[in-house]
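**Student:** Going down the list, the protein sequences come from chains A and B.
This note's numbering puts the first residue of the first sequence at 75, with every later residue one more than the last.
This note's numbering puts the first residue of the second sequence at 750, with every later residue one more than the last.
Calculated from the structure, these hints are not laboratory results.
Do not take every clue at face value.
[Stated by the list, open to error] Restricting the straight-line Cα-Cα distance to at most 25 Å, the calculated cross-link-like pairs of lysine-lysine (DSS-like) are:
| no. | chain 1 | residue 1 | chain 2 | residue 2 |
| --- | --- | --- | --- | --- |
| 1 | A | K134 | A | K122 |
| 2 | A | K134 | B | K980 |
| 3 | A | K88 | B | K868 |
[Stated by the list, open to error] Pulled a few chain A residues facing chain B out of the computed Cβ check, cut under 10 Å:
| no. | residue |
| --- | --- |
| 4 | N81 |
| 5 | P82 |
| 6 | L83 |
| 7 | I154 |
| 8 | M158 |
| 9 | V185 |
| 10 | Q197 |
| 11 | S339 |
[Stated by the list, open to error] Derived coverage of chain A by chain B (criterion: at least 3 residues anywhere in the stretch with Cβ under 8 Å from a Cβ of chain B; other residues may be distant):
| no. | stretch |
| --- | --- |
| 12 | 105–119 |
| 13 | 127–136 |
| 14 | 141–151 |
| 15 | 234–246 |
| 16 | 264–270 |
| 17 | 303–314 |
Every value quoted in this text rests on a predicted model; they were computed, and no experiment measured them.
Don't be surprised by glycine CBs; every beta carbon is placed ideally from N, CA and C.
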Amino acid sequence: MTVGDRNPLARLLKLWLPLGLSLFFTLFPFYWMAVTSLKPNQELYSRKVMPLIVHHPTLKHYVDLLTETSFLEWTWNTFIVAAMSTAISLIFGAMLAYPLARIRFAGAALVSFAIAATYLVPQPLLFVPLADIINSLGLGDTLTSVILTYPTLLIPFCAWLLLGYFRTVPGELEDAARIDGASRLQTLVKIVLPLCGPGFISAGIFAFTLAQNEFLYALIFLTKTEVRTVPVGAISELVRGDVFYWGQLMAAALLGSIPVAIIYSFFVEHYVAGLTAGSVKG
Amino acid sequence: MTAPSLASALVHRRPAFTLGRWLEQPSVFSWLMVTPPVLFLAALVGYPFFYGIWLSLLDRPVASEGTFIGLGNYAQAWHDPVFWQVVINTFVYTAVATLLKMFGGLGLALVMNQDFRFKNLTRALLLLPFIVPTVLSTIAWQWILDPAFSIVNWTLIATGLIHPPGPSWLGNPHLAMGSLIVVNVWRGLPFYAITLLAGLQTISPELYEAATIDGASAWGRFRYVTLPLMKPVIFIVTMFSVIFTFADFQLIYVLTHGGPASATQVFATYAFDIAMGGGQLGQGAAIALTMVPPLALLILAMAIYLRPDKTT
């Protein structure tokens, strides 16, 4: 339905008005984060001044956040956890996806059913037993606890996405390599994987952002400042007692969102491809 | 089969056994590949799931031995008025939020499926709520809906629509659920819109041209071309949305903690409160597991009403 409407009024009503309202609804909270984080406290908690703009901008909240809290440590933890769990998920995801995409073997249907079932298990179903298991393994308050559990959320998605990419590699290429004497493993590593780079980028970006955003397991497994990730750190340590430090909280929310947003802006096409792969192609 | 080829087939059937050759067999290679990840998932998803069922049959305070009490935890939930409140809350939250996301997302996808400048930039901006960490954006919403300094109230008062001090969006039991739904829609709508947009773009323009030539109106084209072709995509997106809205935790935990007075308590937050706050692992596991039957029913109902092959 890309037939262009030349009537400006119709175009305003059918395109710009709904688009404008959607963009406003979408972006206002980000604007509000930025504005709040730049306001001095006396302006933040005053009913006299007009709140929509900053009258006396200050970076005090950012400085306090970076010097008086463990925010940088949390950022580093988040990065390590997301990178490790993404790497594990990509490797395991590819190991599941390649045979399913390429080889007829007994039990394939069972494996794909297990992946689909894992995909649909929501986290709140598992957190109670997992907490008990993690504690009895002595992994409470270690980054290992989340590095091990996040891949359970990411592997099914990675496998599903990579499956689609593996199928796009022409079978003749693999046959040729095998006839030339390459083993199955060599064929996979030297022929198939290099052709599936975009698939790994899409799956990796998606997995990385999901791991950065995870909250429930991190909240339960990580209870000490030095092992916390940004979401848990912000919610449990920037609120002291019942006092909300809104300026710092908004600075943390913005700084915590920026790395994700930057990665995302570079790879937005890959991200959208990952997002829509399952539902549109599947 | 002629004699020479039979002979060669026999020769090939029993080649000398070597490890390399054994590894090349399709089943051996495949299972060697899939076994490590399958074991990983079995250990960290399968085992916890069944261990959770076992825990739900125990009276098991944290850091102590459990005693087997059969279905006692489930019976306790059955007689717990808060539990029934939780059931109703979860259904309301899931149904209203999913419907809003479905219609809003479809509408936005149709709007986005026109030609206009900065389309890619717009799409990237619209996806932002979905990609930034939910907890962080939810903190921003908590500030937007703050009882004393809500910007919503300030705007409504400044425009003369309400009298000060204005409602407490998260503190009033009736408004709190509505506020949570708005934030959930804010976060989830982009996923709907962008996925449906991708689906719309796979529909061949020729179908619309054919329909137009046959005299179909804009509504007719939507009803008889777009909708039937979009059904599989709508089905999958809705299924994901229902599952993850039904089991939502972080948004509610941050904004209301299930309050005021359990008015927004859902399965996930209630199970968390009982297991982690109250230290009753068995009871918490039981409440989390009671999510399964209603969730299965919802998915089944959707599969019947939205299933892809029921297109006409």
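**Student:** State for each hint whether it applies.
**Tutor:** Hint check:
Between K134/A and K122/A the CA atoms are separated by roughly 21 Å; this keeps the pair inside 25 Å, and the hint holds. The suggested pairing of K134/A with K980/B is violated, with an alpha-carbon distance near 51 Å, which exceeds 25 Å. Between the alpha carbons of K88/A and K868/B the distance comes to roughly 15 Å, so the proposed pair stays at or under 25 Å and holds. Annotation: interface hint on N81/A violated; nearest CB of chain B at approximately 13 Å, more than 10 Å.
Because the beta carbon of P82/A sits about 13 Å from the nearest beta carbon in chain B, more than 10 Å, this interface hint is broken. For L83/A, the shortest C-beta to C-beta distance to chain B is roughly 15 Å, which exceeds 10 Å, and the interface hint is violated. Restraint check, I154/A versus chain B: the minimum CB separation of about 16 Å is more than 10 Å; hint violated. Given the 10 Å rule on beta carbons, the hint for M158/A is violated: about 14 Å separates it from the nearest Cβ of chain B.
Annotation: V185/A was flagged as interfacial toward chain B, and the flag holds, the nearest CB pair being 5 Å apart, inside 10 Å. Taking 10 Å as the C-beta cut-off, the interface hint given for Q197/A holds, the closest approach to chain B being about 7 Å. With 10 Å as the threshold, the beta carbon of S339/A comes within range of chain B, its nearest partner Cβ sitting at about 7 Å, so the hint holds. Judged by the Cβ-Cβ criterion of 8 Å, the stretch 105–119 of chain A is covered by chain B as claimed, because 5 of its residues qualify and three suffice.
Counting residues of the stretch 127–136 of chain A whose beta carbon lies closer than 8 Å to any beta carbon of chain B gives 0, which falls below the threshold of three, so the coverage claim is violated. Figure legend: the stretch 141–151 of chain A, annotated as covered by chain B; annotation inconsistent (0 residues with Cβ-Cβ distances under 8 Å, at least 3 required). Look at the stretch 234–246 of chain A against chain B: 0 of its residues bring a Cβ nearer than 8 Å to a Cβ of that chain, fewer than three, so the hint is violated. Interface restraint, the stretch 264–270 of chain A with chain B: violated (0 residues with C-beta to C-beta distance below 8 Å; minimum three).
Counting residues of the stretch 303–314 of chain A whose CB falls under 8 Å from any CB of chain B gives 5; the rule of at least 3 is met.
The structure shown violates the earlier hints numbered 2, 4, 5, 6, 7, 8, 13, 14, 15, 16.
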